[in-house]
Amino acid sequence: MATIKGGRPGDPVWMFFQKLDGTQSKCIECQEQCSSKIECLRAHIKRCPKLKATPVSTSGLKRPTPELDTDRDDTACLPPPAKRQFQMSAFTVNITVLPRPSCITGWVTMAKLLSCYITTGRCCQLTQHYRLTGLTKLLYWKVTTHILSGQNIFRLHLKKKPFPAPANSVATFSHLIISTASQMDQLSSSSLTMTDRTLVSDLTPVEFLDKVDEETLMTCSPNLVAECLRQLGKHYFEHVQTIMPWLLSHHHDIYKQLHESGKLLEVSKDIRQHPKFNVMCQRLEQAYQECSDQELACSLLLFLYMGVHPQDSLVHSLLLEVRGRIPSMNLHSLTTVSWLCNTLPERDFVTRRACLQKLAATCMEVESLSPDDVQYLCTQEINHKHLLSTDATLRLCKLILGQTKSVTYFCDPQHLAVVASFFGRQEIMYLLKKYDLVRQFDSWSEHFKYACLDMVDEMTDYDISSVCQFLKFVHLYNPTVRRQFEKQSLKLLSQDPGVGKVANLISSLSPFSSKEIVQPFEKRLFHELSDVDDRVICMLVHNLFGAKREAFSAEMLMKVERALTERCSRLLQDYDQIREIIIVMGNRRFVDTERGMRFFEILLENVIESPSTNPNCDAMASCYLMAKAEFPESSNEPFQQIESSILHSSDACAIDMFQFLNSVPRDCQNSLRTVERYVQRRLLQAVTNSRDLFHLCYIVRNMIRIDESFKYRDRQLTEAIMKRLEEFIRDPPSSVISESLFLSVIDILRLMKYYTPSTLDMLVNHYCDSRELHLEKITVRLLCTLSIFSHRSETVENFMPSVIKLIGTKLEQGRHKDVLLMLNYLMRLQVYLEEEIRQLFSFEFMTKLGSDSGYVEEPARIVLVELTRRCLLEHPELDIPWFHDEYCRTHIVTGEPKSCQTFRDGVSATLRYVLGGENHFLRWSYTPYFYSIDFECILDESNKPVNVKKLPPGGVKDTWQRVAIMLHTQGSFWLHSDQLRGSIRDKNNHLELMGYKVIPINYKEWFSELVTNEQRVNYLRCHILR
1 MATIKGGRPG
11 DPVWMFFQKL
21 DGTQSKCIEC
31 QEQCSSKIEC
41 LRAHIKRCPK
51 LKATPVSTSG
61 LKRPTPELDT
71 DRDDTACLPP
81 PAKRQFQMSA
91 FTVNITVLPR
101 PSCITGWVTM
111 AKLLSCYITT
121 GRCCQLTQHY
131 RLTGLTKLLY
141 WKVTTHILSG
151 QNIFRLHLKK
161 KPFPAPANSV
171 ATFSHLIIST
181 ASQMDQLSSS
191 SLTMTDRTLV
201 SDLTPVEFLD
211 KVDEETLMTC
221 SPNLVAECLR
231 QLGKHYFEHV
241 QTIMPWLLSH
251 HHDIYKQLHE
261 SGKLLEVSKD
271 IRQHPKFNVM
281 CQRLEQAYQE
291 CSDQELACSL
301 LLFLYMGVHP
311 QDSLVHSLLL
321 EVRGRIPSMN
331 LHSLTTVSWL
341 CNTLPERDFV
351 TRRACLQKLA
361 ATCMEVESLS
371 PDDVQYLCTQ
381 EINHKHLLST
391 DATLRLCKLI
401 LGQTKSVTYF
411 CDPQHLAVVA
421 SFFGRQEIMY
431 LLKKYDLVRQ
441 FDSWSEHFKY
451 ACLDMVDEMT
461 DYDISSVCQF
471 LKFVHLYNPT
481 VRRQFEKQSL
491 KLLSQDPGVG
501 KVANLISSLS
511 PFSSKEIVQP
521 FEKRLFHELS
531 DVDDRVICML
541 VHNLFGAKRE
551 AFSAEMLMKV
561 ERALTERCSR
571 LLQDYDQIRE
581 IIIVMGNRRF
591 VDTERGMRFF
601 EILLENVIES
611 PSTNPNCDAM
621 ASCYLMAKAE
631 FPESSNEPFQ
641 QIESSILHSS
651 DACAIDMFQF
661 LNSVPRDCQN
671 SLRTVERYVQ
681 RRLLQAVTNS
691 RDLFHLCYIV
701 RNMIRIDESF
711 KYRDRQLTEA
721 IMKRLEEFIR
731 DPPSSVISES
741 LFLSVIDILR
751 LMKYYTPSTL
761 DMLVNHYCDS
771 RELHLEKITV
781 RLLCTLSIFS
791 HRSETVENFM
801 PSVIKLIGTK
811 LEQGRHKDVL
821 LMLNYLMRLQ
831 VYLEEEIRQL
841 FSFEFMTKLG
851 SDSGYVEEPA
861 RIVLVELTRR
871 CLLEHPELDI
881 PWFHDEYCRT
891 HIVTGEPKSC
901 QTFRDGVSAT
911 LRYVLGGENH
921 FLRWSYTPYF
931 YSIDFECILD
941 ESNKPVNVKK
951 LPPGGVKDTW
961 QRVAIMLHTQ
971 GSFWLHSDQL
981 RGSIRDKNNH
991 LELMGYKVIP
1001 INYKEWFSEL
1011 VTNEQRVNYL
1021 RCHILR
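Okay, so the sequence shown: first residue is 1 according to UniProt numbering, each after it adds one.
One thing to keep in mind: the hints can contain errors.
Said to hold, decoys possible - Under the rule of at most 30 Å between Cα atoms (straight-line distance), these lysine-lysine pairs were calculated in the DSS-like manner:
(1) Lys-898 <-> Lys-949
(2) Lys-949 <-> Lys-997
(3) Lys-753 <-> Lys-997
Said to hold, decoys possible - Across the chosen pairs, the derived CB separations fall in these ranges:
(4) Pro-928 <-> Glu-39: 39 to 49 Å
(5) His-891 <-> Gln-979: 45 to 55 Å
(6) Ala-554 <-> Val-893: 33 to 43 Å
(7) Pro-859 <-> Arg-677: 33 to 43 Å
(8) Ile-706 <-> Val-893: 33 to 43 Å
(9) Glu-726 <-> Phe-1007: 29 to 39 Å
(10) Thr-23 <-> Glu-918: 57 to 67 Å
(11) Glu-726 <-> Gln-357: 51 to 61 Å
Derived by calculation from the structure, the hints in this document are not laboratory data. Ideal placement from N, C-alpha and C gives every residue a C-beta, glycine not left out.
With the hints as constraints, model all of the structure from the sequences given.
Right under this line is the structure:
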């Protein structure tokens, strides 16, 4: 079909016609020709009998299968139409859809379809390509179920040519309908007459409000009318009389809509010029007096302030009455009134003081402030500076530091900017250091950057230490802040600060600072190093031998080494100081080798002369490790004496040594093999002798934090950990395991990837027997762990009622991403909740899961892809649509992994011999539902390989057999086990459901049993061709 041109841009009339030449067009239904004038086309639509909706039989149709090849002919790759029936409210609609596999994003289709239906009241067949993603198709199906009634049918035929976006003046109200599609029940034929529906697609919001009557307007939802009024801008109050009943009934919704869109102030500019201004003020004042809802009353008051001149007495008189309501106001109302009192030119300090006193009292009551309340107060502080009193601000700061959920709120740079603007610098530093927030920023907001720059510009000699402590976590990630800090530091250096403060400035310089920046500080320290105290020397050791080492001269480093050696016996009196120096210098080398050797001799002499206590053993063991890394060939007597101290060191020291071994340079690792065996023996001893479950979790979590791969290297240590863990769970010291310990055990099992069914069953039993553990985070974390291991038993069945109850609670609370995650966990365990699954794929759920545009955040989208794939393959009776093609091509399709390349190359070479060349198999391909396959080949009816590079025009025939050769590496199995992981096993099952013959190749079998090429060829030939 030719591309339709002509007419007004985006005019829905042209959907029914094919342009023949400059003056004639042809109806796509009855093929009758008529003039291309718009009035002639409209007249033809009214009299054409074939444009009326008629039911279409769709029985016996197959499910559409997504394709990967986007370059094939459009009509050749279209699957048969699929019947989709939805039950929504009072309507039952059959929609026949012919999906095009390759679609691109946009809302044009829905806007045009709805415009066309509203204009004509008839069904239509679209022959153009409208920009549409799979997810948008789903939203389109759901939207149409709200609009259409009876047996109307849409036949959507998507083609490849792009369609331009409509002009801003076209389909305005249709886009409004789409943006509020969840309220479409109120836009049925009972709400709008056919005359209104015929005109509405060409109406502006102003014209719509002129046409609509009060009764119809009252039936519309607040969101719909609020969106319409938001588009009105300055024409808002021209319709005061029309919207007054609705305004008084739904005012809070429209205030929220206008306020969030920034239109509220713009709308209030012309209010005083409107003839009905006095009437509106009287009605709103009356509504305020009669309103019992404090939050709505404050919204009305704020709206009046926006419209009434601040000098007028109306708002002031209402504020006087507000004082009597303050004791019963909630947090939101208090902040609104407090800001309003502060912004009036004639500030009502008495009312504001009363509000602040109430706010301060509320903030002092820990139980009354939830994390959501804390976030709300911080958001208000973003919008309205100095809203809170000093006491309330300090209390808010303490709450944020104590509430993890509130802390995560400040991962947004704009919110963290609020912290930088009114919290203390020590609290800011604590937040950044403890929760590592700065590293989570993809990009720096202007708010936070300027807050940091202001802090640097105001830095004086008095507060160098506190500012440096804060900025050492910040300026590394932003070059603008880094350059400004360097400039301000040089300025302060010229003011001759103390040598301790100079050392502070050096400690906060970035590793990226140039030598030109570092040299003035080095010059200042070089001549005064002998006068600094031991604390400054330790600080310089940390910085000069750390990441900033390359920026300093060799002379400066040798001078610090000399000072360190001279003060060694005094600096290293306690283990903590030794540990700090070892951690910093562990993977660095002394500039002066002889002095380095002397340093360790003094250090070892110092710890040997001390009494034989555990801290002393820790110091001796740490020194030994550091010395062996620094001087691997050394055979001094002290080194040999200390080696046995490793086995007598504390658990904390053993963990430190384990961390040290994972940080030394590679050229030192060979010399530390013997030491590594001693450390592993000490860790095994710590695990075996662990006093209780808490002590065991402390040791294992630290080991996983330092090096998660340790469990692959030492099987004895891993098995000892799991055995001891099971012993503590079976016979805990107390009858109930605490919440934190229970979560730690769950995390250890998940991170270790060691499948022990008995341990999982015991955890579930503890959960079921203890009501104290029936918390949301424990339920979700335990369900996640069970789903990872695909563990299903009679014990797990007793756990399922709690999960199903929690899903129902989350649905009621509107926490849609949590529901999506938990349903996916249940599907992994083969637990199928049909009603919840259908609800998840409804239009309302998808809209709330993402945004109005149908976009879903990355983590939730990945889960949604997995869940959709499982529903399609394991429960085809649900008839769930697949709408992830474009997303999967962008985010899931990747190149062949680089790991296990020897294994892959060996299998590839054998396949070339077995199948007769590279043209008979694909290396790293993807299935229709985007499962990756290591090697894929196709066998014809006679069981001979087909040339996959030159498939016939019809593609793969139904009688041909697809073969998937899957490589199972070490990561495909549970730790130290021959059992496949749950995700790998499910993937193989799904491939078989899709018609593939799956041939797994175990890496152990390939390298240990199939040693010769002949054995490997016979193995593949036997499994593929026979």
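Hints and how they fare:
no. : hint                             : in the structure
1   : Lys-898 <-> Lys-949              : holds (24 Å)
2   : Lys-949 <-> Lys-997              : holds (20 Å)
3   : Lys-753 <-> Lys-997              : holds (28 Å)
4   : Pro-928 <-> Glu-39: 39 to 49 Å   : holds (48 Å)
5   : His-891 <-> Gln-979: 45 to 55 Å  : violated (30 Å)
6   : Ala-554 <-> Val-893: 33 to 43 Å  : violated (51 Å)
7   : Pro-859 <-> Arg-677: 33 to 43 Å  : holds (41 Å)
8   : Ile-706 <-> Val-893: 33 to 43 Å  : holds (35 Å)
9   : Glu-726 <-> Phe-1007: 29 to 39 Å : holds (32 Å)
10  : Thr-23 <-> Glu-918: 57 to 67 Å   : holds (58 Å)
11  : Glu-726 <-> Gln-357: 51 to 61 Å  : holds (57 Å)
The structure is inconsistent with the numbered hints 5 and 6, although it conforms to all the rest.
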